[in-house]
Structure formats: C-alpha cells, structure tokens
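Peer 1: If you're matching them up, the sequences are chains R and X in order.
Count the first sequence with this note's numbering and you get residues 3 to 115, in order.
Count the second sequence with this note's numbering and you get residues 473 to 583, in order.
Simulated from the structure, these hints should not be mistaken for laboratory data.
Misleading hints may appear alongside valid ones.
[Said to hold, decoys possible] Below 30 Å or equal to it, Euclidean Cα-Cα: the simulated DSSO-like pairs (lysine-lysine) are:
| id | chain 1 | residue 1 | chain 2 | residue 2 |
| --- | --- | --- | --- | --- |
| 1 | R | 53 | R | 80 |
| 2 | X | 542 | R | 43 |
| 3 | X | 542 | R | 80 |
| 4 | R | 43 | R | 17 |
| 5 | R | 17 | X | 542 |
| 6 | X | 570 | X | 542 |
| 7 | X | 529 | R | 53 |
[Unchecked claim] Each pair of labels, with its calculated beta carbon distance range:
| id | chain 1 | residue 1 | chain 2 | residue 2 | range |
| --- | --- | --- | --- | --- | --- |
| 8 | R | 53 | X | 513 | 18 to 28 Å |
| 9 | R | 42 | X | 583 | 41 to 51 Å |
| 10 | X | 549 | R | 53 | 35 to 45 Å |
| 11 | X | 512 | R | 72 | 20 to 30 Å |
| 12 | R | 43 | X | 510 | 16 to 26 Å |
| 13 | X | 568 | R | 54 | 42 to 52 Å |
Even glycine gets a Cβ: it sits at the ideal position worked out from N, Cα and C.
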Amino acid sequence: EAGVTQFPSHSVIEKGQTVTLRCDPISGHDNLYWYRRVMGKEIKFLLHFVKESKQDESGMPNNRFLAERTGGTYSTLKVQPAELEDSGVYFCASSQGYYNEQFFGPGTRLTVL
Amino acid sequence: TQLLEQSPQFLSIQEGENLTVYCNSSSVFSSLQWYRQEPGEGPVLLVTVVTGGEVKKLKRLTFQFGDARKDSSLHITAAQPGDTGLYLCAGDPYNTDKLIFGTGTRLQVFP
C-alpha cells in the first residue's frame with residue numbers, strides 16, 4: 003500500500019512568487035493534515051481536512067496560505083505571495099479517522115529567497 | 473510558550489552506550505506519542521503511551537509515561553548506529569485531533 007506522497011520534494015522560489023504544494027493521502031483516509039517546520043522550530047499544525055471540508059484551520063499563519071481538497075482526495079497548499087519567513091518543511095499526514103495514527107509524508111522543503 | 477520541551481536537544485554517543493531522552497510539559501496529555509524522523513522523510517510513529525505510569529518496550533527502546541501524564545521518557549539500551557535520527561514526542565492535549573510536537577532530540581550514534 004502506498005504511503006502519503008508529497009510533491010514537489012523541494013521548491014526554491016523568490017519572494018513574491020506563488021508556490022503550490024500537493025499531498026496525496028493514503029487511499030481511503032478521510033482525514034488529511036498539513037504541518038510545517040520552520041528553521042529551528044518544532045513541527046506545527048496548520049490545518050485539518052475531513053474529506054473535502056476544513057475541520058480546523060486554526061494553525062494557518064495568514065491569508066497568504068490557501069488549502070484545498072476538492073473531491074476529498076488529494077490536497078493542495080498554495081502560498082501567494084511567498085515571503086522569506088515561509089521557508090521550511092511542509093508535511094502532510096493522513097489518518098483513517100479521528101484520533102487514529104497519523105501517517106506522514108516525506109515533506110516538501112520550501113526555500114523562499 | 474513551548475508546550476512540549478525535549479531534552480537534550482542533541483546527543484552524540486558511541487555504539488553500545490545507553491541514553492535517555494525526556495519530554496516534559498506543564499499540561500496534562502491524554503496520550504503521548506514518540507516519533508522517529510530520518511533525513512528526507514516524515515516522522516514515523518514508534519509508540520503511543522496512554523496510561524499514567526505506563527511502560528512500553530520496543531526491542532531496545534523503553535518508553536515511559538509519567539504518573540501525572542505530563543511527561544515521558546525514551547530510553548535506548550546499547551545504542552546502535554541505526555538508531556541515529558531525530559526523535560520527537562507529540563501529543564493532543566486538547567482532544568482536537570491536531571498534534572503538538574516537541575522540539576526534538578537529534579541523536580547521533582557513532583560506530
């Protein structure tokens with residue numbers, strides 16, 4: 003069974019540009035989470051989807067970040083326009099249900115220059 | 473304010489040595505999880521501890537949950553180079569299904 007996949011693995015963009023990260027959860031997992039780790043800090047929660055609905059987006063830093071999960075399958079996280087402080091590793095995780103084990107993808111390393 | 477503090481941040485030891493990593497909080501957690509992360513990969517769950525005072529063993533790894541469910545420890549016996557990695561504790565103190573992670577302990581085991 004395939005695990006959580008993320009694309010791209012690395013992205014280097016300039017300040018002010020737009021970047022879209024993609025996450026494909028494990029098949030059949032209704033719950034999808036986005037987390038990120040910025041340099042020197044701990045991994046922090048961004049948001050949680052249940053199917054296509056945003057269950058909790060309390061961790062989204064600001065309105066430059068937009069997450070979608072059309073159809074309840076894969077999810078995208080768009081940053082527009084990117085700022086220097088957005089650099090970090092963005093992780094996606096999925097789980098079968100509430101409070102079940104969350105399986106993490108390998109992450110996307112975003113560098114904003 | 474950091475909810476989950478891990479110590480030490482970095483640990484370099486020789487193969488065969490024992491070590492303990494601590495995860496502390498002022499908050500009560502219904503459960504705590506330990507993850508291991510290797511370069512280029514996401515965190516992988518090692519164990520979940522649920523009951524205060526609980527001890528779980530995974531080969532040479534021993535995990536303990538504090539009686540008050542505010543802290544946990546990970547003890548590795550006879551460390552091997554293959555144990556090298558980033559160890560993270562995490563929990564969901566508010567039952568909101570979003571994990572709060574500790575600051576991490578980076579372990580390097582030299583042959």
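Peer 1: Confirm or reject each hint.
Peer 2: Now for the hints, and whether the structure bears them out:
no. : hint                       : verdict
1   : R:53 <-> R:80              : holds (18 Å)
2   : X:542 <-> R:43             : holds (21 Å)
3   : X:542 <-> R:80             : violated (36 Å)
4   : R:43 <-> R:17              : holds (21 Å)
5   : R:17 <-> X:542             : violated (41 Å)
6   : X:570 <-> X:542            : holds (18 Å)
7   : X:529 <-> R:53             : violated (35 Å)
8   : R:53 <-> X:513: 18 to 28 Å : holds (27 Å)
9   : R:42 <-> X:583: 41 to 51 Å : violated (29 Å)
10  : X:549 <-> R:53: 35 to 45 Å : holds (44 Å)
11  : X:512 <-> R:72: 20 to 30 Å : holds (29 Å)
12  : R:43 <-> X:510: 16 to 26 Å : holds (19 Å)
13  : X:568 <-> R:54: 42 to 52 Å : violated (20 Å)
Violation of the numbered hints given earlier is confined to hints 3, 5, 7, 9 and 13; the remaining hints are satisfied by the structure.
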